[in-house]
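Enquirer: Now for the letters of each chain:
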Amino acid sequence: MSTAVAIVATALVVVALVFFAAGTAGVLRFPDVYNRLHAVTKADNVGLGFLILALVITSPSALIAAKHIAIWIFALITSTTACHLIARAALQRGIEPWRPR
Amino acid sequence: MSSVEIYGAAAALSFGLAVYGAIAARPVIHKLVSLNVMGASVFLLLVAASARPPAAPDPVPHAMVITGIVVTVAATGYAVALIRRMEWERGSGVLPEDAAPGGAASEQPGGGGRERGEGGAPEAENAAEGPTEEGRSPWPGPPRG
Amino acid sequence: MATEVTGALLALDVVLAVSLVGCAAALVATADVFKATVLFIVFGVMMALVWGRLGAVDVALAEAAIGAGITGALLLGAQTAQPARRRGAAARGREHTFQPATPDDAPVYQPARPSRRVAAALAAAAVAGVVLLALSRVPTRHPGLAPILAPHMPDAGAENPVTVVLLSVRAYDTLLEIVVLLAAVIAAWASAVPAAPKPEPPGALLAAATRVMVPVAVLIGGYLLWRGAAAPGGAFQAGAVIAGAGILAAFAGVELPRRGGAGLIRAGLVAATLVFLGAGAYGPARGEPFLHYRGGAAEGLILVIEVVATLSIALSLVGVFMGRPPPRTPERTGGDDEFG
Amino acid sequence: MAWAAAWVIAIPCVAGALAFALRGALRGLFIALGVAGATAAAAALVVFVARDGARDLALGGWLAPLGIRLRADGLSAFFIALQAGVGAIVSGYAAGYFAGDREGKAFWPLWLTLWAGLCGLYLTGDLFNAYVALELIGVTAVGLVAASGGAALVAGLRYLIVTLTGSLLYLAGVALVYAEIGAVDMEAAAQGLGPSPVAHVALALMAAGLLLKTAVFPMHFWLPPAHANAAAPASAILSGLVIKGSFYLLVRIWNDVFSAHADDMLAELMGVLGVAAVIWGSAQAIVAARVKMLVAYSTVAQVGYLLMAFPLGGDAWPGAMYFAAAHGLAKAAMFAVAGAIARELGHDDIAKLGGAAGTLPAGFFAFALAGVSLIGLPPSGGFLGKWLLLSAAADHDHMLYLAAIPAGTLMAAGYVFRVIAPALAELRRAPRPSPWRLWREAPPLVLALAALALGFSLSPALVLLSRGAPFGGGG
Chain D
1 MSTAVAIVAT
11 ALVVVALVFF
21 AAGTAGVLRF
31 PDVYNRLHAV
41 TKADNVGLGF
51 LILALVITSP
61 SALIAAKHIA
71 IWIFALITST
81 TACHLIARAA
91 LQRGIEPWRP
101 R
Chain Y
1001 MSSVEIYGAA
1011 AALSFGLAVY
1021 GAIAARPVIH
1031 KLVSLNVMGA
1041 SVFLLLVAAS
1051 ARPPAAPDPV
1061 PHAMVITGIV
1071 VTVAATGYAV
1081 ALIRRMEWER
1091 GSGVLPEDAA
1101 PGGAASEQPG
1111 GGGRERGEGG
1121 APEAENAAEG
1131 PTEEGRSPWP
1141 GPPRG
Chain R
2001 MATEVTGALL
2011 ALDVVLAVSL
2021 VGCAAALVAT
2031 ADVFKATVLF
2041 IVFGVMMALV
2051 WGRLGAVDVA
2061 LAEAAIGAGI
2071 TGALLLGAQT
2081 AQPARRRGAA
2091 ARGREHTFQP
2101 ATPDDAPVYQ
2111 PARPSRRVAA
2121 ALAAAAVAGV
2131 VLLALSRVPT
2141 RHPGLAPILA
2151 PHMPDAGAEN
2161 PVTVVLLSVR
2171 AYDTLLEIVV
2181 LLAAVIAAWA
2191 SAVPAAPKPE
2201 PPGALLAAAT
2211 RVMVPVAVLI
2221 GGYLLWRGAA
2231 APGGAFQAGA
2241 VIAGAGILAA
2251 FAGVELPRRG
2261 GAGLIRAGLV
2271 AATLVFLGAG
2281 AYGPARGEPF
2291 LHYRGGAAEG
2301 LILVIEVVAT
2311 LSIALSLVGV
2321 FMGRPPPRTP
2331 ERTGGDDEFG
Chain F
3001 MAWAAAWVIA
3011 IPCVAGALAF
3021 ALRGALRGLF
3031 IALGVAGATA
3041 AAAALVVFVA
3051 RDGARDLALG
3061 GWLAPLGIRL
3071 RADGLSAFFI
3081 ALQAGVGAIV
3091 SGYAAGYFAG
3101 DREGKAFWPL
3111 WLTLWAGLCG
3121 LYLTGDLFNA
3131 YVALELIGVT
3141 AVGLVAASGG
3151 AALVAGLRYL
3161 IVTLTGSLLY
3171 LAGVALVYAE
3181 IGAVDMEAAA
3191 QGLGPSPVAH
3201 VALALMAAGL
3211 LLKTAVFPMH
3221 FWLPPAHANA
3231 AAPASAILSG
3241 LVIKGSFYLL
3251 VRIWNDVFSA
3261 HADDMLAELM
3271 GVLGVAAVIW
3281 GSAQAIVAAR
3291 VKMLVAYSTV
3301 AQVGYLLMAF
3311 PLGGDAWPGA
3321 MYFAAAHGLA
3331 KAAMFAVAGA
3341 IARELGHDDI
3351 AKLGGAAGTL
3361 PAGFFAFALA
3371 GVSLIGLPPS
3381 GGFLGKWLLL
3391 SAAADHDHML
3401 YLAAIPAGTL
3411 MAAGYVFRVI
3421 APALAELRRA
3431 PRPSPWRLWR
3441 EAPPLVLALA
3451 ALALGFSLSP
3461 ALVLLSRGAP
3471 FGGGG
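Residue numbers (the working numbering), protein chains in the order written: chain D, 1 to 101; chain Y, 1001 to 1145; chain R, 2001 to 2340; chain F, 3001 to 3475.
Isolated chain D (complex conformation):
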């Protein structure tokens, strides 16, 4: 695990942290459930992508790298479905999307 790979991996992790922070800030700051869902799902998926990339680079064998990528794909599927279901449930309960006054 040469130092160059370690540096690139650390940089990727930092980028991932930025995205996670953006997603969390979105959850805290946005006015209604739809915006919050939008923010957290998008930002966290991309953040996780960078994190997985960092892990793939530093993984000892191809099999483990493949497992990391599989984890990312399943996380994408489940978080997107969850976001969709929550948004649908909110809509059915009649929560009006936020409109700037």
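I should point out that these hints are in silico values taken from the structure, not numbers from a laboratory. Please note that a few of the clues may not be correct.
[Unchecked claim] The calculated label-pair distances, taken between Cβ atoms and stated as ranges, are:
id : chain 1 : residue 1 : chain 2 : residue 2 : range
1  : R       : Ala-2125  : D       : Ala-22    : 36 to 44 Å
2  : F       : Ile-3286  : R       : Pro-2111  : 34 to 42 Å
3  : R       : Pro-2147  : F       : Asp-3052  : 31 to 39 Å
4  : Y       : Glu-1097  : R       : Gly-2129  : 24 to 32 Å
5  : F       : Gly-3314  : R       : Gly-2129  : 29 to 37 Å
6  : D       : Ala-22    : R       : Leu-2133  : 42 to 50 Å
7  : Y       : Ala-1055  : R       : Val-2216  : 33 to 41 Å
8  : F       : Glu-3268  : R       : Trp-2226  : 51 to 59 Å
9  : D       : Ala-21    : R       : Arg-2116  : 39 to 47 Å
10 : R       : Lys-2035  : D       : Ala-65    : 37 to 45 Å
11 : Y       : Ala-1055  : R       : Leu-2133  : 23 to 31 Å
12 : R       : Ala-2231  : F       : Ala-3099  : 50 to 58 Å
13 : D       : Ala-22    : R       : Ala-2008  : 18 to 26 Å
[To be verified] Some chain Y residues near chain R, calculated using beta-carbon distances under 7 Å:
id : residue
14 : His-1030
15 : Ala-1055
16 : Ile-1066
17 : Val-1070
18 : Arg-1085
Virtual Cβ for every residue (Gly too), placed ideally from N, Cα, C.
Position chains Y, R and F relative to chain D; hints supplied.
Expert: Leaving out everything else, chains Y, R and F in the frame of chain D:
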């Protein structure tokens, strides 16, 4: 202050907090959540208090904790079933002694569970009615025509 | 390099410990039950990380799959809409659906009476203080049971020491634990609530995701079960993952086979108890004590017990989550022998 | 016969699983076989221990402290005998009580797994295994209570929250024991635990958890509603047997594991709690409105007597165990009769019991006989138990207990006669007795007679109880 002592202290503190929650929380679900936190912190106490960092991790407490986790989820699952049943029968998720006087979430309990007298017509109180007229069970059963 | 790493890891431990206690404090202090449940799921994930840090990878898997996953789903499931109240109460006009419209206006409960809270605080302080006192005096001499187990590992029937302890050294604990799970399902089904009126048909996206995720989850469960012999994994973690797939399938409205479905599920639920007792009787049949198996026989028996236990654990967790027995046959779904 | 101990646990377990999975006649057959087999295995174990003394069984061939050790000594065999005796008769009663009733379907699998859990608790020599057995007993006992719905469901949920808290407090103590000596086997703990504060803290936590589960005075709030609202066979099982499980474990760790740490201060506290339980429980029973509530508060009172053995020690231990057995038989009989009263008269309010003995002659006769043992009049088991407690109190000049035991006896007489007197007043025959009446009166009569039979000779029990010297003099 090795990491094992940190986790031991964290286990003791969250154990205390969970004891507070189990007693002071009014809705039974909240008591149940506190009980799960109590279980997790006792398991952490079991492993952290006996771990000796330079030595390899001891598998015996690990197996005990896995056994404990499964026992806790079984008891939690049953408690949830009882809470759902109590809400369905009495409309309140709070035990009678915790009910706030005239509070929003508390109502007077429904009919008591008397013995079904041989003489009186046995009133079908519990789920003997079965789900037929209440619609389809989300349990993956064959859809009724 | 080593000192910074241990320094950094120590910092990680402090952060994890503080966030663990912080989650527990926030969870206990909040009056909103929904918030407490979400905080508990975060607590479960934090706890899984702590188990990883303590070198207990099997326990980390179990905590993540069962502690945070299934228990979180159970607690959230407890707060969803209820079917219309029974004719008796409903007839009295108190139509009550305990349904939080959105987390914001979920019924927030007033805190308990001050006297109750003071008593709780005293009890909590006493217990925590006493445990902390004991922790400060714990000696550092005894090496635990690992050195005693090590010489027996070669003919114990599996390489992963935790699996050996779970299914051979302390197999009796695991047997009782499986009986507890079975008893929980029986008791939960005895207090069943009739089905919700009309679960809305699953959206296209949920159906598509289920078609992808359920087979993958079962595959992962099988992998965890198989790897359990040599590496962290095993029946309980695999059972929890497959139970997750089962619950997802139930949400997506997957149907049971038409006839005999309910009988099959009951057989699956009791299979682990009966097979474990049968494996236990293998020893006395050869003049050895109960639950005695070594070498080749141990490998075979441990594998059989693990496979059947995974099946029963997955069925039990889904059964407890559903909260009611599966309908027997289309014609006689309701009626008196619903439980019988 | 070394693994007779395993059969005592395995047979009810298998019967419980089959009682859940099967249906119809086959199910009834396996239930009957399970009860008969478990009773036979228990009898074999008791004879075996009485004849050859205490016996250890290292499960899976793994020697302690690594593996789990089942230990059948005098104390375990005594409680297993109580479990089998009361359990078999109450099963007969339940067969009549639940005849073809939906609630009965859930009763049998839960009752048989509870039976296995209790026998597992009595036989285990491992502290963590005792935790798993306590959880099994907790979940199944709550299942028996909550199956009746309504007020029983609320009482069952409260009971579940309390029993889970108690088990986790107990487990915290076990965690500290493992931290101190690196083993959870009782014998290893008995030798390894030095006079360090960790052992004292572990004992305090374990005792707190077990006292909570045994419904000892300040922490008894969950017991009366649970035992009074449950179905009659469930109440008989809970009051007669389940309460004895956590009490037995407390006695076991007090005498075996923490014998060096059981200092006087904690013992005196237990004694005072016991006296308070006797006074408070009896007072509540005297003012109770329903027969089942009266009998439930009587359980809270009688547990008080059992706790008095801690400060008295020595002779008081066999006395307390004998009293526990007599109480198990008498209390199961009383709850069975209370169930028969509720089923025959449609209610069990004491105020409206006028002349009820005409409807249930054998039932009230059994209630009276059980009352004799509960009060402690000779020739009943209760009398001999109290006699041993009193003589131990006299030896140590404990004035508190010398006063408390007779006072409790008088109050017990008070609440027993509160039920008997109106029932025997103007006798009136019931319009048409239900077909199951005899089936519901015979089992309590047998139980009550057994409680009296205990009063005739103390020696066989003392001989059994002395096997393996469970009360000190070598663990």
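Enquirer: Hint by hint, say whether it matches the structure.
Expert: Okay, the hints, checked on the actual structure:
A C-beta distance of roughly 41 Å is found between Ala-2125 (chain R) and Ala-22 (chain D), which places it inside the suggested range of 36 to 44 Å. For Ile-3286 (chain F) paired with Pro-2111 (chain R), a C-beta distance near 37 Å keeps the hint of 34 to 42 Å intact. Evaluation of the 31 to 39 Å hint for Pro-2147 (chain R) and Asp-3052 (chain F) yields a pass: the beta carbon distance comes to about 35 Å. Here the CB-CB span from Glu-1097 (chain Y) to Gly-2129 (chain R) is close to 27 Å, well matched to the stated 24 to 32 Å.
Taking 29 to 37 Å as the suggested C-beta distance range, the pair Gly-3314 (chain F) and Gly-2129 (chain R) conforms, at roughly 34 Å. For the pair Ala-22 (chain D) and Leu-2133 (chain R), the beta carbons lie near 45 Å from each other, so the given range of 42 to 50 Å is met. Between Ala-1055 (chain Y) and Val-2216 (chain R) the Cβ separation comes to about 38 Å, which falls inside the hinted range of 33 to 41 Å. A C-beta distance of roughly 57 Å is found between Glu-3268 (chain F) and Trp-2226 (chain R), which places it inside the suggested range of 51 to 59 Å.
In this structure the supplied range 39 to 47 Å holds for Ala-21 (chain D) paired with Arg-2116 (chain R), their Cβ-Cβ distance being about 40 Å. Between Lys-2035 (chain R) and Ala-65 (chain D) the beta carbon distance is about 38 Å. The supplied range of 37 to 45 Å therefore holds. The given range of 23 to 31 Å is respected by Ala-1055 (chain Y) and Leu-2133 (chain R), whose C-beta atoms sit roughly 25 Å from each other. At about 54 Å, the beta-carbon gap between Ala-2231 (chain R) and Ala-3099 (chain F) stays in the expected band of 50 to 58 Å.
A C-beta distance of roughly 25 Å is found between Ala-22 (chain D) and Ala-2008 (chain R), which places it inside the suggested range of 18 to 26 Å. Taking 7 Å as the C-beta contact cut-off toward chain R, the hint placing His-1030 (chain Y) at the interface holds, the least distance being around 5 Å. Restraint check, Ala-1055 (chain Y) versus chain R: the minimum CB separation of about 6 Å is within 7 Å; hint holds. Checking Ile-1066 (chain Y) against chain R by beta carbon gives a least distance of about 5 Å; that is within 7 Å, so the hint holds.
Hint status for Val-1070 (chain Y) relative to chain R: holds, with the closest Cβ pair at about 5 Å, below 7 Å. Nearest Cβ of chain R to the Cβ of Arg-1085 (chain Y): about 4 Å, under the 7 Å cut. The hint holds.
In terms of the numbered hints stated before, the structure departs from none.
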